[in-house]
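Undergrad: In case you want the letters, here they are:
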Amino acid sequence: MKLTQSQQDIITAPFDTRIFLSGPSGCGKTTVGVERMRYLLEQGVYGESILVLTPQRTLQEPYQELLQSPEIGAGGQVTLATVGGLARRMVDLFWPLAAEAAGFANPDQPPIFLTLETAQYYMAHIVRPLLDEGYFESLTINRNRLYSQVIDNLNKAAAIGFPHTQIGERLDKAWLGDPSQRRIYQDTQDCANRFRAYCLEHNLLDFSLQLEIFWEHLWGDPIVQDYLTRTYRHLIYDNIEEDIPRAHDLIRGWIPDLDSALLIYDENAGYRRFLGADPETAWRLSDICSSHASLNDSFVASEDILALSDSLAHVINPASTDAPLNGFREGVLQYADAHFYPELLDWLTEEISTLLEEGIEPADIVVLAPYLSDALRFSLMHRLETRGIPVRSHRPSRSLRDEPATQSLLTLAALAHPQWGIRPSEFDVAYALMQAIDGFDLIRANLLTKIVYRARELALSPFDGIKPDVQERITYVFGGYYTQLREWLLSYQEQDVVPFDHFLRKLFGEILSQPGFGFHRDLDSARVAASLIESVKKFRWAMASADTDALTLGREYIDMLSEGVIAAQYLGAWKMEEENAVLVAPAYTFLMQNRAVAVQFWLNPGSDGWVERLFQPLTHPYVLSRSWDNAEGHYWTDADDVAANQATLARLTTGLLRRCKERLYLGLSELGESGFEQRGVLLKAFQRVLQEMGDR
Amino acid sequence: MNITYRPSQQKILQYTHGTMGIAAVPGSGKTFTLSALAAEIIGRGDLAPEQEVLIVTLVNSAVDNFSSRINDFITARGLLPRVGYRVRTLHGLAHDIVREKPGIVGLDERFGIIDEREANYIRKEAVSAWLAANPNALDDFLDPDMEESKKDWTRRQQLPRSLEGIALAFIRSAKDRRILPDQLRAQLANQPAPLPLAEMGLAIYSDYQRALAYRGAVDFDDLIRLSLDLLERDPDFLERLRYRWPYILEDEAQDSSQTQEKILRLLSGEGGNWVRVGDPNQAIFETFTTANPQLLRDFIANEANFQRELPESGRSQPAVIDLANQLIDWVMTGHPDPDARDALSPPYVQPTAPDDPQPNPPVNWAGLHLITKKYSPEAELKAIIDSLARWVPENPDKTVAVLVPRNTRGAEIADRLKKEGIEVIEALSSTQSTRQTAGALGNIVQYLSDPQSASKLATVYRVWRREWRDDDEYTEFYKHITKLIKKTGMVESFLAPTHDEDWLASLQESESEDVIQELTFFKENVQRWLDAVTLPIDQLILTLAQDLFTEAADLALAHKLAIVLRQTANDHSEWRLPELTGELSVIAKNQRKFIGFSADDGGFDPERYKGKVVVTTMHKAKGLEWDRVYLTSVNSYTFPSNQPNDNFISEKWFVRDNLNLEAEAIAQLDAATQTGEYEWYSEGQATLAARVDYVRERLRLLYVGITRAKEELVITWNTGRGESTQALPFAALVREE
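Chains X and A supply the protein sequences, listed in that same order.
No gaps in the numbering here: position 491 of the first sequence is 770 in the numbering used here, and each next residue is one more.
No gaps in the numbering here: position 486 of the second sequence is 557 in the numbering used here, and each next residue is one more.
There could be a bad hint or two in this list.
[Claimed, not checked] Listed next, the in silico EDC-like pairs over lysine to aspartate or glutamate satisfying Cα-Cα at most 16 angstroms (straight line):
hint, chain 1, residue 1, chain 2, residue 2
1, A, Lys-172, X, Asp-720
2, X, Lys-963, A, Asp-521
3, A, Lys-681, X, Asp-720
4, X, Lys-729, A, Glu-121
5, A, Lys-172, X, Asp-457
6, A, Lys-594, X, Asp-720
Keep in mind that the hints were calculated from the coordinates and are not lab data.
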């Protein structure tokens with residue numbers, strides 16, 4: 280790779296320098312970060328002494344890639360982490376130092392770390408009865424979203440660094456809307472307090488507590504300080520603008536003790552404000568660095584794309600750019616206009632296959648939408664796959680509930696545990712049998728179920744008891760596998776109930792993964808089974824303090840899953856997908872991958888989803904930020920809203936286009952996916968840009 | 072494009088600013104004129120790039136042509152289409168507004184909108200729950216003379232349905248008045264005397280709202296209410312919207328409720344530019360709302376800076392026009408109930424000038440058939456069928472409609488027509504394609520939930536090859552294959568054959584190569600669909616749609632159906648394919664309506680059904696026209712005149728003292744929430760007031776019915792259950808003729 284002199288200078292800077300590096304997206308900052316790490320290693324610095332921090336795990340990929348490449352020899356392992364991950368590790372390691380001071384009821388017992396979904400489970404447990412008492416009555420919101428917004432508030436308090444007891448008051452003071460809504464802030468505060476109390480009582484640590492304990496009770500402790508200082512000597516901290524103020528506080532205190540530090544700041548970014556990111560506190564870290572370097576040349580976007588990007592940003596948010604506006608070549612921006620949404624997808628498929636014929640690599644194309652419904656994702660992928668175009672959808676996660684294999688496992692679990700009283704429908708049983716037995720067709724599975732399934736007793740009759748001619752229809756081969764499965768279920772019922780994840784593991788290992796059964800050849804289903812087992816296991820661990828027996832626990836898990844409290848997100852499957860493929864993703868997901876492509880398609884610029892709404896009923900990214908002035912009479916107004924929306928949208932379009940080398944295609948459709956006419960701000964902005972181009 | 076405008080239209084197109092009120096008559100081209108005015112304003116070039124002319128209307132259909140014309144105009148300049156104006160129904164507008172800042176009114180960013188179907192479902196649940204908890208609470212309202220056993224039967228069979236109606240009226244009224252359950256609860260606690268119907272309404276209303284909140288969704292009425300709340304609470308936002316929409320053009324203004332009017336009034340602002348077009352004589356959607364045609368009349372008379380009229384109509388022949396005008400006259404001067412005399416008012420309908428591009432059909436007094444004969448319902452039916460059986464074959468190029476007061480009567484007529492071999496078009500409110508698309512998908516999903524059924528599989532084949540049905544070249548082949556599939560017996564031996572049992576292989580000897588090929592191809596498709604059964608419902612629907620449809624509109628609709636069904640599946644996590652299939656057939660039968668791809672998408676065009684008989688309600692016929700129109704059941708029950716012997720549909724036989732419980736419940740709601748010293752509740756008054764309102768609305772409905780006819784109009788009546796007489800207005804028109 281060819282590096283510029285200014286990049287080279289930073290990479291090879293002496294081992295005792297603290298550099299603050301800033302620049303717009305696409306100017307080669309992360310490259311500097313990665314090369315700096317390589318340089319350190321090549322110069323003999325121990326891997327163990329290098330810490331690479333990013334605000335989110337996906338942003339670690341370029342570093343990960345280098346570390347996994349064969350050219351990096353065994354020199355000890357570099358630590359790649361997020362501040363949250365670091366906090367958790369420290370709390371785990373130094374628990375006895377903090378537990379009592381932090382107010383845990385059982386400091387001598389080990390801590391139980393909660394994942395987002397187990398935290399959601401406990402929140403539901405606490406809030407549900409309050410809802411029946413009339414909490415949040417004036418609010419129209421799906422319950423799971425409500426739980427997650429209360430959790431989010433706790434996390435913001437910890438991330439920003441104010442006591443969690445101030446959440447309600449802060450939100451309330453800035454509120455200018457319907458006064459009858461104000462009660463919900465008290466309710467929010469009350470739920471947050473109760474949740475925290477519950478956690479302290481049961482040794483549960485959600486993200487907010489992990490961070491708080493680390494900051495309040497461990498970070499200042501000489502033992503911990505000594506440990507960290509001795510372990511890490513060199514820091515590379517990328518995308519600091521996407522991290523939380525508390526992380527910046529930490530680094531501010533840490534840097535003087537380190538040998539070297541490289542902090543990397545993207546000037547156009549700040550996409551994670553919704554999660555508490557604060558570019559301002561990040562910027563202030565430049566004070567404590569010995570030098571401030573900046574890179575400005577775009578290695579990615581062409582002149583034309585940059586001109587388009589500037590014009591667009593200027594129209595959306597005149598305050599965002601003061602650079603003189605340049606024209607761009609006409610071909611850089613192309614669009615198609617359809618009445619109905621599916622026509623757009625056909626157009627997209629055509630254009631992409633033309634691009635591939637022109638020699639553009641599939642991986643050099645992305646299709647972006649503000650929001651990807653499952654229906655859209657499915658239709659689009661299906662169209663592309665039918666044309667033989669490699670495609671992947673970088674979906675952050677997907678609920679296990681939607682996986683057919685999960686349904687099948689849960690149905691069999693219900694049959695194995697009649698004590699639960701869960702009665703699967705005939706369809707569920709037929710589907711479960713169809714999937715459980717390799718090659719079993721739905722028609723025969725249905726026929727068999729109708730005869731053998733006794734829903735009232737939750738039992739399956741033996742195959743031998745069926746009339747011979749019907750046995751013949753179902754075939755003896757399938758009948759044999761059915762008999763094996765049935766006998767396995769019967770023998771399981773005779774034993775003591777085991778924890779639910781153990782049950783699933785047995786079912787999978789002893790039956791379903793065996794030759795002749797459905798998961799034997801189906802790797803996807805096997806992966807789903809593994810994820811489900813993992814999710815159940817975590818749930819069980821999180822429930823360790825609740826003293827629930829195995830039987831109840833399994834039932835509870837299934838209830839939570841079907842209510843959606845536990846999403847049981849199925850992570851990581853995308854990693855196995857083909858790399859050289861067209862990517863279909865929500866716009867922000869693409870940004871968080873921090874990579875560039877030749878061609879971008881933006882679906883549906885008319886959608887209002889391009890502008891994220893700041894106002895969540897129970898939380899607020901700006902009011903709950905460090906820069907918000909919490910004074911009496913200071914309200915969040917419509918003007919603030921507009922300004923923030925404009926800035927966010929301009930940041931988004933700039934961020935996307937800075938990751939686009941050659942061309943932008945817009946797919947417009949008069950009616951959106953749900954049949955609404957599309958009139959969003961971004962569409963109008965493009966209209967203005969085209970108008971001004973035309974005038975010029 | 073060369074368009075000539077009438078002088079009355081030209082006068083409207085000269086509008087530049089301020090408020091303007093336009094009273095129009097049926098067929099005068101309201102929508103056309105309003106569209107032209109919008110184009111005119113955009114064409115003047117005074118709008119900033121981020122500004123739009125806002126056009127608000129009751130239904131989407133009328134504006135399609137206009138939209139495409141404007142689009143042609145702006146795309147010719149190299150600009151993106153659809154900029155400079157926005158056409159919305161009031162619900163659509165409310166959705167736009169709330170969508171922008173949902174948090175301000177306590178909505179989650181991803182709030183959903185439940186459609187009428189889901190709302191009915193929730194309301195029904197709330198009503199059953201209330202009845203279960205309060206089985207005898209309404210006993211006081213039952214007719215005391217009823218025998219105890221009959222009372223029991225009434226409680227079981229009649230009350231629940233009745234109560235659903237009352238709950239609907241109560242909830243809609245409360246929302247239209249912007250009263251929330253907790254406010255109502257507080258006010259009911261302070262009443263000097265109990266208001267049992269309001270208490271009941273409140274209980275069901277609270278339950279209903281809680282169920283919506285649980286789903287994170289609002290209903291259509293909430294959208295309107297919340298958008299007004301939002302505009303009132305956030306003056307800066309309102310200011311922003313005023314800037315965005317400097318002109319507001321409102322169509323069908325006679326049907327706007329007070330809340331809806333308030334929204335537009337706020338949006339246009341003091342001294343704003345607001346044009347309202349409507350025909351107060353066609354206000355027929357007032358039930359349970361605060362809408363009142365008098366509001367528009369007052370606006371035109373007292374408030375508008377400019378008063379205009381659109382009195383010319385080229386639709387009907389002079390004899391029909393004359394009849395309509397006579398009805399206005401009789402109502403204003405001759406109606407026996409003086410309170411009903413303001414139901415209709417001028418302007419009278421005028422024929423167009425001789426050189427008008429839309430000339431009236433030639434005068435034909437024989438085209439009016441006012442049949443005064445006293446028919447039984449059955450005899451009326453027979454008379455109409457006989458008449459149509461003669462007329463339709465003689466007039467294959469003409470359009471004809473039978474307009475009925477209620478859907479049930481329409482279904483009777485449609486069935487009989489079909490038996491006579493006359494082609495019928497029913498249920499205009501959805502385009503054919505909505506129903507066909509949903510129907511086709513429904514048939515396949517139905518098979519997938521019962522995959523052993525050979526007859527369902529045969530239906531799948533028919534749906535799959537539906538275009539062959541009317542294709543002479545293929546019909547025989549198609550029928551043959553269908554028959555073969557029906558006879559399969561064991562479906563698995565066709566679709567999942569084994570070495571020993573392979574149905575298709577067994578056909579090799581007896582059937583031709585073509586047949587085998589066709590069946591093989593079909594088999595591959597069905598196998599794929601069977602494999603897709605375990606997918607989430609949205610993906611299953613999309614998979615099927617890919618194989619079934621090629622038209623963009625069908626695919627778009629399937630996409631929407633996929634999203635709707637996914638939502639339904641999420642709301643009812645225990646539902647599986649059979650239940651979801653049920654939903655599809657509900658959509659196919661047009662009992663479920665969406666926002667977006669709305670039922671009136673593209674509009675119903677009577678001209679497409681020449682030589683066939685359209686059967687629909689008088690309400691749904693609004694805005695449409697036919698060469699020949701049958702107005703049926705024009706008796707004292709359908710069109711009462713508030714005479715001593717009149718029966719009213721809302722006064723149930725099992726309720727004491729002829730009380731109209733819906734009206735009484737709303738009156739109790741009003742009594743609870745109004746603070747005026749003299750506004751206490753007195754039982755029975757609301758029932759009487761509701762009678763007059765009903766009489767008025769029915770007169771306008773009759774007017775609407777008459778003005779649907781271009782050339783010929785047939786009016787008949789029947790005796791109902793034996794007590795009904797000829798409607799008084801009908802008798803009056805007959806006398807005049």
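Undergrad: State for each hint whether it applies.
TA: Here is how each hint holds up against the structure:
| no. | hint | verdict |
| --- | --- | --- |
| 1 | A/Lys-172 <-> X/Asp-720 | violated, 50 angstroms |
| 2 | X/Lys-963 <-> A/Asp-521 | violated, 50 angstroms |
| 3 | A/Lys-681 <-> X/Asp-720 | violated, 49 angstroms |
| 4 | X/Lys-729 <-> A/Glu-121 | violated, 62 angstroms |
| 5 | A/Lys-172 <-> X/Asp-457 | holds, 12 angstroms |
| 6 | A/Lys-594 <-> X/Asp-720 | holds, 13 angstroms |
Checked against the numbered hints above, the structure breaks hints 1, 2, 3 and 4 and satisfies the rest.
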